[in-house]
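Protein chains: 2
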Amino acid sequence: MSGRIANPKLQGLIMSADEAAAKINPGDQIGFSGFTGAGYPKEFPQALARRIKEAHDRGEEFKVNVMTGASTAPELDGALAEVNGINWRMPYQSDPTLRKRINAGDTYYSDIHLSHSGMLLDQGFFGATDVAVVEAVRIKEDGAIIPSSSVGNSTNYLRNANKIIIEVNSWQSEDLEGMHDIWSYGQLPNRQPIPIADPGDRIGTPYIDIDVDKVIAVIETDAADRNSPFKPIDDDSKKIANYLLDFLDGEIKAGRLTKELLPMQSGVGNIPNAVLAGLLEGPYHHITSYTEVIQDGMIDLMDQGTMTVASATAFSLSPEYAHRVNENAAEYAKKIVLRPQEISNHPEVIRRLGVIACNGMIEADIYGNVNSTHVTGSKMMNGIGGSGDFTRNAFVSCFVSPSRAKGGDISAIVPMVSHVDHNEHDVDVIITEQGLADLRGLAPRQRSRKIIENCAYPDYREPLLEYVERAEKNASGLHTPHDLHEAFNFHTRFMETGSMMPEK
Amino acid sequence: MSGRIANPKLQGLIMSADEAAAKINPGDQIGFSGFTGAGYPKEFPQALARRIKEAHDRGEEFKVNVMTGASTAPELDGALAEVNGINWRMPYQSDPTLRKRINAGDTYYSDIHLSHSGMLLDQGFFGATDVAVVEAVRIKEDGAIIPSSSVGNSTNYLRNANKIIIEVNSWQSEDLEGMHDIWSYGQLPNRQPIPIADPGDRIGTPYIDIDVDKVIAVIETDAADRNSPFKPIDDDSKKIANYLLDFLDGEIKAGRLTKELLPMQSGVGNIPNAVLAGLLEGPYHHITSYTEVIQDGMIDLMDQGTMTVASATAFSLSPEYAHRVNENAAEYAKKIVLRPQEISNHPEVIRRLGVIACNGMIEADIYGNVNSTHVTGSKMMNGIGGSGDFTRNAFVSCFVSPSRAKGGDISAIVPMVSHVDHNEHDVDVIITEQGLADLRGLAPRQRSRKIIENCAYPDYREPLLEYVERAEKNASGLHTPHDLHEAFNFHTRFMETGSMMPEK
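Chains A and B, in that order, are what the protein sequence lines are.
Under my numbering, the residues of the first sequence are numbered 25 to 528, in order.
Under my numbering, the residues of the second sequence are numbered 25 to 528, in order.
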């Protein structure tokens, strides 16, 4: 026994992951901790996958509904998808095996705004939660748990579930205690204002209270999060980051921002990392972050003293940086607040603070609609995640992508996006390595040429302009001129010829 | 002089609308009061239109940028559009003449969430506001103004404008004083929580403070708002209303609502009016409304005692009801709060209160995306208005429409909407006179047949099902199966043959 389980009753419920998995019924709806590969249970889902496989091998049906914070890891989504064990999944995923299941029609997937998922659960819209399975750093004497490297939807699952399973992971530093800020705005009709006026404000407790009588198993683990090394920053990412930083400098010059900026939000990946690296070199000071995940670049900014505080719901670090944070968790807990995702991503706070939002995309169209989720209209990539929470409510909303993919066969700028996740009402700025299109205050017809000229890869500008001209000639109205016969010709050409580029 | 202008300095600035209009320069950006045909200036815009026409007759260029709360009336949008006097317009309109200008390419139109418009102005994203032109019930001794039948974006325009023109309209009852609640959440980086926990909470002042030195003209008017009689409730509207009321009853039975419901929001028109009439007959009590506009049916509910309080930013009444409210304004001021639209429509409050949202639509697709604004993808109808503010943040979001239009040539359910204003992430319930599709917790593939079977007009079900089956066979993935060659075949068929129905 690791000594991390202070509650006597829960000490008595320590068992193996296989014993715990034996308590799950086919059809159960399970809420897991875990967000961007941090703080998810490691042993239980694999044991459950083994159990499901055995049932399938015996010819029995066995699938469960899987709810999480966001993406998890091969040990959770991967293992359960591998055995075709997931009937329905929400609210975000990025696992290659699960993605295949979703697109093959084996798994139903509800792609839900991250800030909405827990709220809709609380409202009873998804039915009963049978089991909550949550990773913890330790269990206090009264049974309250200290979450590990993410909070996600754990408070909602623990509150609503009929049964609780806890994985106590001794790989996670005990010094993470104090970093979390657990607070609930209450239930309807008595929801309360969220009293956060600064990203660093702590309004709750560092632990999650649970009903100890609901706990049916405690599992001891010692396993690292899925921390993947960041790739070195490539040229395109650096160019995109520079356009964004230039834009921010322009806003400072125009008096709309100061060198303290406003709280930064960004998605995960190479481009956001390049932006963070750029902030490291810039003239900024006392900057803050109100975002979903703590990334490597933010640790650097904090170490340098440029970033004073960051609010998120999870870590998403490289192994090297995860080690650094784990070793110095008590120190970082002074500058990092991990909140439930319904607070980290809540429209109320995002809008109040005036967040600068920067999110990736699959494609944007010439009128400023953005597709974050679907390839050629039908195929799910990952999900909308928190991009909608931030984009809709930000001070300014930026979307970034290289202008091309697949060696040039795919253009990130298309006549009409094949799926709309963020529409023209919410998208302010589009950036590729070619340049930046500032769409603020522009009508659709003023946006098209600007987006094409500033953001599209040069080879694609002519076919895009041809589309605009044809659409302006044939459209039923000149507000958002489209030719509905041809609006998806980039996509259908790609599906037929392997390239969006017209043949010469 | 009407006796409604208590400030001596402003008394000295009383002049005719034509004299005031002479103070406007070509290219000026003007912020007008006015929301759903209530509380807009009546004389000044017509005088400005005359001035623009004279300039055009002399061969001079003269256009202005027009910002409002929402839709206005023939005297404002209509008059200025008639003379082709509007270069750029935001954030919502519904005037037939202006609509033609927008779709002919004469006027640029930025269709913006109503709660965002004032905020983006404050953030400096639209550049300088040259003039604010605002209707008032009266001017206090210190120059503060009592707004009339709407608040809209007036506080933002008055705060930001370099010059101010006030129309004091003696048609509006002086007893409206006390109905308004003017409050600002402050400017970045110091925006404050909005302390509203109940639709009736008053948090501000009943007047708008202004900088008297900015006033360049005061115009006295005596003219009614654009109040149009409601049509009698037709059969389809009654059926749709009944499906919604049945749904609410189901939520009560399931324990997700009580007979007090949650604050109601609805768009304007025949169907919402039928819903309000249905509430009048139902088992509900102590219901409230947190919405944009006060409609006839809400006055009935208040008179009956079923609705205790309503929060909005404007009235939208029939002439008979407008008269009733004007005669008894002091009494209604106890039950009605008129707020700035950035508060009436603010995500923070809507989400906190858990509003039941019900909005009209042009079309929905088989996966639950909704088009509220565009006909055949290109042509602007009115605008998104506040539907996005409420839909995204509601307890539950419903969209309503008859299943057909133009005598059956148009189906409100289509394979893919030609413009997306509200996407699958935000739409919970779709209702037509055919039935109701409850989409909560469903993956896209689970939605398509349900929407078709429950909501589409019977004649259109077969072609829609054919599309689904073809898409499920040919799509690149089964998450949201689409055939991008055929996704707009309903729309293109309509444009070519005059009907979305395939020829037999």
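Some hints here could point you the wrong way.
You can't tell identical chains apart in this list, so a pair holds if it fits in one copy or across any two.
Stated by the list, open to error - Listed below are the simulated DSS-like cross-link pairs for lysine-lysine, each with C-alpha atoms no more than 25 Å apart in a straight line:
(1) K124 x K497
(2) K277 x K87
(3) K238 x K187
(4) K474 x K87
(5) K238 x K33
(6) K47 x K87
(7) K33 x K358
(8) K124 x K528
Everything labelled a hint here was simulated from the structure, so no lab data went into it.
Verification of the supplied hints:
{"no.": "1", "hint": "K124 x K497", "verdict": "between (41 Å within a copy, 17 Å between copies)"}
{"no.": "2", "hint": "K277 x K87", "verdict": "neither (57 Å within a copy, 29 Å between copies)"}
{"no.": "3", "hint": "K238 x K187", "verdict": "within (5 Å within a copy, 65 Å between copies)"}
{"no.": "4", "hint": "K474 x K87", "verdict": "between (49 Å within a copy, 23 Å between copies)"}
{"no.": "5", "hint": "K238 x K33", "verdict": "within (11 Å within a copy, 72 Å between copies)"}
{"no.": "6", "hint": "K47 x K87", "verdict": "within (14 Å within a copy, 72 Å between copies)"}
{"no.": "7", "hint": "K33 x K358", "verdict": "neither (33 Å within a copy, 56 Å between copies)"}
{"no.": "8", "hint": "K124 x K528", "verdict": "neither (34 Å within a copy, 39 Å between copies)"}
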